[in-house]
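All chains should be modelled from the sequences, with the hints used to inform the complete structure.
Listed in order, the protein sequences are those of chains A and B. Using my numbering, the first residue of the first sequence is number 1, and each one after it goes up by one. Using my numbering, the first residue of the second sequence is number 1, and each one after it goes up by one.
Just so you know, the hints here were simulated from the structure itself, not pulled from any lab data. Treat the numbers as computed from the prediction; the structure is a model and nothing was measured. Check the hints yourself; a few may be wrong.
In silico DSSO-like links for lysine-lysine, alpha-carbon gap of 27 Å or less [what the hints assert, rightly or not]:
# : chain 1 : residue 1 : chain 2 : residue 2
1 : A       : K288      : A       : K252
2 : B       : K126      : A       : K383
3 : B       : K124      : A       : K383
4 : A       : K389      : B       : K126
So, partial list: chain A residues that the calculated Cβ filter (under 7 Å) puts toward chain B [unchecked claim]:
#  : residue
5  : L167
6  : T171
7  : T188
8  : G226
9  : P390
10 : Y393
11 : L397
12 : P409
13 : G431
14 : G460
Note that beta-carbon positions come from the ideal geometry of N, C-alpha and C, so glycine has one too.
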Amino acid sequence: MATFDFLLQGLLVAAQPMNLLYALIGVTLGTAVGVLPGIGPALTVALLLPVTYRLDPGGSLIMFAGIYYGGMYGGSTTSILLNTPGESSSIVTALEGNKMARAGRGGPALATAAIGSFVAGLIATLGLAFIAPYIVKLALVFGPREYFALMVLAFVTVSSAFGDSTLRGLTSLFVGLGLAVIGIDQLTGQARLSFGVPELLDGIEVTTLAVAMFAIGETLFIAAQGDKGPDKVEAVRGSIWMSANDWARSWKAWLRGTFIGFPIGAMPAGGAEIGTFLSYATEKRLTKHPEEFGNGAIEGVAGPEAANNASAAGTLVPLLTLGLPTTATAAIMLAGFQQYGLQPGPLLFATNPQLVWGLIASLLIANFMLLVLNLPLIGLWVKLLTIPKPWLYAGILLFATLGTIGANPSVYELGMLLAFGLLGYAMRVFGYPIAPVVVGLILGPLAEQQLRRALAISQGDYSVLITSPIAAVLLLIAAAALIVPLILRARGRGEVLSQLAASED
Amino acid sequence: MTKGHHPSTATRRPDRAALFIAAVLAAIAGLIFWDVSRLAGAAGYSQVGPTTVPYAIACCLLGLAIWTAFEAFRGDFPERERQEVGPVIWIVAGLAAQMLLLNVAGFSIATGILFALTARGFGKRKLWFSLPLGIVLCFVVWVIFAKLLQLSLPAGPLERLFF
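As structure tokens, then:
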């Protein structure tokens, strides 16, 4: 029961008063920012990263865990009450949840989403704790070529397996990889693509890129749509408590959603969206009240919301055990680790078990806090939803630039922010996904290192990449994930894939 | 990179904006080739050096540029919604103003201008109201983050007046 011991130690770390305070601040900020319309978990995490700059690594990561889970919770509130999901993984929640809110059942919808998220978060975090040591053991036999193959797989699934165009997904990815080359080469110390500009020698900051693309790009895009009148916020009428019938209809959906969402998040396939769609389809098929689907069926909120949170926790499995981010949110979290010189992966479990297990345990604690915090404070979150757009986006830009200035108060860094914001805006206009750029930027240098190590060991023989069975299988899966969607789209079956698009803003 | 703004011209084929993107991608590929060619000869005994991966990326970008041009001629790019230029200019002006004024006027004034101009982009025309509001708000934020959380946010005349 080594896992159990580690988890218990982690709980001791997480239960220190200061760490509890950090977790509480994290979940509160995360929920408050996540609730704002148009802000998904990726942007929530990127915006709040600077808040944690001055903390020690442990405290900062614990606050981070709270922000991540809080952002996920906040998103569901937005989609139920506003019908403009802040993230694509909440689209399904909005389908039934907003209908429930309009029918005056907003309270139970929020309650089933909150309790479902709690149940899913609890089971999935425990799942993470118990699976992680096995994957760490597996990862220890991985050499550079296996890591490289794994990263290629992650590149393909993040950029082109889902979404509506292989071309645009791959283009985004390679823009990110191209940006990743800028700066000093980590193995030889040579400056690449810096054109004699000293500021470029350090490369491009992941957080600057993420904040620019998500916050500034999105703000410009929303502004450019013109004034379409205020969004309608559904008031929460009546009791927020669920009736016995609601409970009876919800609990199975929560469990099913969890068991659909967690494995999908844990695979290097990226995105919470797929799990939510699958869970919705499952609930629709199994329900005893098919006539309610489309008009506010509670299972249609409970299942997908649980799947959403379970796969959010699942995403942490490849991130913590392999150092492999499969979503934009995970990529930014990886940047958060790197600012303390920590590289998640099997080694981190060995060298810094306190930190890793403290983080996992504080996810459990954050989950409890959210349950306690969310339902009583629902009135406050609803107020945040009614902030008029001009002040809301002015505030978003204020905090977006604050983070960048706080990290590096230079005109140059703000110039990058503006340039990448315009790039993010143009990419939105032309339907390019954003997440692959961020993942490409952070994962590119790691993949390059592994590739060059593998080739250095083989003295330049490229066949070494496919002569290891594990690497060969991973590359085959990656090739399939690239080619099969191409064929599907060519045959006009692309709609299913574009519905599963992994575009989390 | 595709900076700037391209209003919808999607009805005509070939799609000019998409062709422009293809050209930009090809230009980035060319830029990488040109820069990395300076490093030639740096590869170690394994023929794998700092140039290997940039070359591969540049080749892929070139391939993607050709693919994009191909789709542009076939008219495969999705329809684009009409974009309003005005609000975008207001917000970009706000960001540019903040960038240029930050070290002169300090965080509160520079960011207050960004705040007011962004609100202007979203339709709040009363700058005499939103500008002071923005500056006061940013000053409060400055106090919280610079004094309590010890983030290094540049101080200007306004901040020095109080601290």
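Each hint tested on the structure:
Between the alpha carbons of K288/A and K252/A the distance comes to roughly 12 Å, so the proposed pair stays at or under 27 Å and holds. Note on K126/B and K383/A: the hinted pairing holds, with a Cα-Cα distance of about 24 Å set against a maximum of 27 Å. Between the alpha carbons of K124/B and K383/A the distance comes to roughly 20 Å, so the proposed pair stays at or under 27 Å and holds. Annotation: proposed proximity of K389/A to K126/B holds, straight-line Cα distance about 15 Å (limit 27 Å).
At about 5 Å, the closest approach between the beta carbon of L167/A and any beta carbon in chain B falls short of 7 Å, and the interface hint on this residue holds. Satisfaction of the interface hint for T171/A is found here, the shortest Cβ-Cβ separation to chain B being roughly 5 Å, below the 7 Å cut-off. With 7 Å as the threshold, the beta carbon of T188/A comes within range of chain B, its nearest partner Cβ sitting at about 5 Å, so the hint holds. The interface hint given for G226/A is met, as the beta carbon of that residue sits about 5 Å from the closest beta carbon of chain B, less than 7 Å.
Contact between P390/A and chain B, as hinted, is supported at the beta carbon level, the nearest pair being about 4 Å apart and thus within 7 Å. With 7 Å as the threshold, the beta carbon of Y393/A comes within range of chain B, its nearest partner Cβ sitting at about 6 Å, so the hint holds. This hint holds: L397/A has a C-beta 5 Å from the nearest C-beta of chain B, less than the 7 Å allowed. Proximity of P409/A to chain B holds as hinted, the smallest CB-CB distance being about 5 Å (cut-off 7 Å).
With a cut of 7 Å, the hint placing G431/A at the interface with chain B holds, because the nearest CB-to-CB distance is about 5 Å. Because the smallest distance between the Cβ of G460/A and any Cβ of chain B comes to about 4 Å, under 7 Å, the interface hint for this residue holds.
Figure legend: structure checked against the earlier numbered hints; every hint is met.
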